[in-house]
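Which chain is which? The protein sequence lines are A and B, in order.
Our numbering runs 2 ahead of the 1-based position in the first sequence.
Our numbering runs 193 ahead of the 1-based position in the second sequence.
Calculated from the structure, these hints are not laboratory results.
No false leads were slipped in.
What the simulated footprint calls covered on chain A by chain B, stretch by stretch (three residues with Cβ under 8 Å from a Cβ of chain B suffice, anywhere in the stretch; the number is not a length):
no., region
1, 28 to 42
2, 54 to 67
3, 231 to 240
The C-beta atom is built at its ideal place from N, Cα and C for all residues, glycine as well.
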Amino acid sequence: MNVKAQITNNPWLHRFAVLTAIITFLLLGVGGLVTSHEAGMSVPDWPTSYGYNMFALPIKFWKGGALFEHSHRLLASGAGFFTTVLAVWLWLKDSRKWMKWLGVTAFLLVVAQGVLGGLRVTLKMNNLGVIHGVVGQSFFILICAIALFTSRFWREWVAGGKTFLVSRGLWVFVLATTILIFCQLILGATMRGQHAGLAIPDFPTAYGKLWPDTSADAVARYNANRVEVISTNPITPFQIILQMAHRIVALAVFILVAVAAWLSWKRLGGKSPLAKLAAFWLGLIVCQIALGAWTVWSNKAADVATLHVLVGALSLVTGALWCIIAFGRREGAANLAPAKTISGAFGTSPAMAANK
Amino acid sequence: MKSALSILAIGFFGVWQAASAADITGVITLKGAPPAETDLGSYIMGNPDCAAMYQGQKMPTTHFYVVGPDGGFADVVVSLKGVTGKSTGASAPPAVLDQKNCVYTPGILAIQTGQKLIVKNSDMCVHNVHSAPTVAGNAEHNDVQMPGGADLTYTFPKAEMFVKFECNVHPWMKAWVSVLDSPYFSVSDKDGKFVIKNVPPGKYTIEANHRKLGAQTQDVQVKDGDVTVNFTFEIK
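Here chain A stands alone, though its shape is the one from the complex:
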């Protein structure tokens, strides 16, 4: 049976999936603004807003922190609606069984994410906010993957129109790097969830040193000299170490993604979509590091910090999509492409020439 024919050609389904991904991305942005503006608790009730039906909240209340929180709720409702339609559409029209269930998974995840957000407000559980942020990033990966699986590119890819293999070593390397980025996002979400502002106010130094003093006296001195307005919780040694870990992991991610981009280019050739994606990935990481530095230099300005969250989400999803695309083309994988092999994780092989 022709593999290409197994995948339904439904460009409108793909466009709708892309639209859902864009809405999800915007939702992540508004969610980031909610946290950056410390506005998460500005509307104390849920699913109502100030006692009103969420969709009928008078415009006079859309101000200050409530503007961000209420916009987040409305956009989340929109994302929920679009995801529901997408799941139903996939169930009815996509011929692949696993895609039907992927749609169901997306639906369940968006419902869970909405409930998590609501419970974070009503139960006043700060830690749920961190989980809410991380689940949001995971949901974004899922929706982007659905958009990929419904695309013409994917049909041609699966049908073997694009013929090269990825060494298992390179695939594992990119997967590990992507997992590290996910851990980095968890670190970032935990830092933002402390509501303590910048634990370290300078960059690239840390309190003027390579490694900051985290003794009780030093931390007391740091807190005494902070005149914070929005995030007023005192900083702790844990938060300082958390930010140092975030900086170190950022450097590690940069090195790993640079290596991944170089290997992809070298092994797969510059015309390969995976090499192009890896180069784009490296560009994102460079932007992300610059945004991280700017976040510190701007004293965690809300818009800059939010942009940092968004580029982080794009970095994660780029790595994840690279892994998904390359999954079926791993050396030794049961794939549908014409057989070509690349031996060794990073060693040279005759097949490299064929890839180019």
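Go by the hints and put chain B onto chain A.
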């Protein structure tokens, strides 16, 4: 006859204790230059409701270090450390925290366990009142308060220093309420002066606690007359 004598003895003891109780007074000073406070103007101007309250008026700043001309240090909570279970909060008049011109007034407040804390909204805009205690037994609250809405009343059963109150609609609005388990406390005024009234005779440890600079203690003995205890905080 026996019970009447007991009541008489208790009454006599109470009167004797009140008569021999003394005040602990003192001055808190700050040595060193505190960091400059942050102007809240850019935050307030970003919200049309609050900006309208400040037309032609000077914008407020943060007030972490309120220091008088002679170095008197305000907003330091002074209390008798380790004195617990003496709260008269249930019968004490309520304390008041007001939201006026999109700022909490006062920014630092001390109350007793069980004492009512009334939070008012004197503004013509909505606020949410979000209190975030961290000691087990003190519940976190987050309530919306409409303009002209009813006052909100809170009590805290457990002693806790600097419970944060904030409005997330206007996130620069913060106040810190300290909850003490006795009536023996005071908050230093703009000149750094404090008075803890009617302290029964005895040996105590007196603690001065500033939200940013932490706590200092001194031992004090209260006998017949008033006692003076001064504290000096230093910012490095």
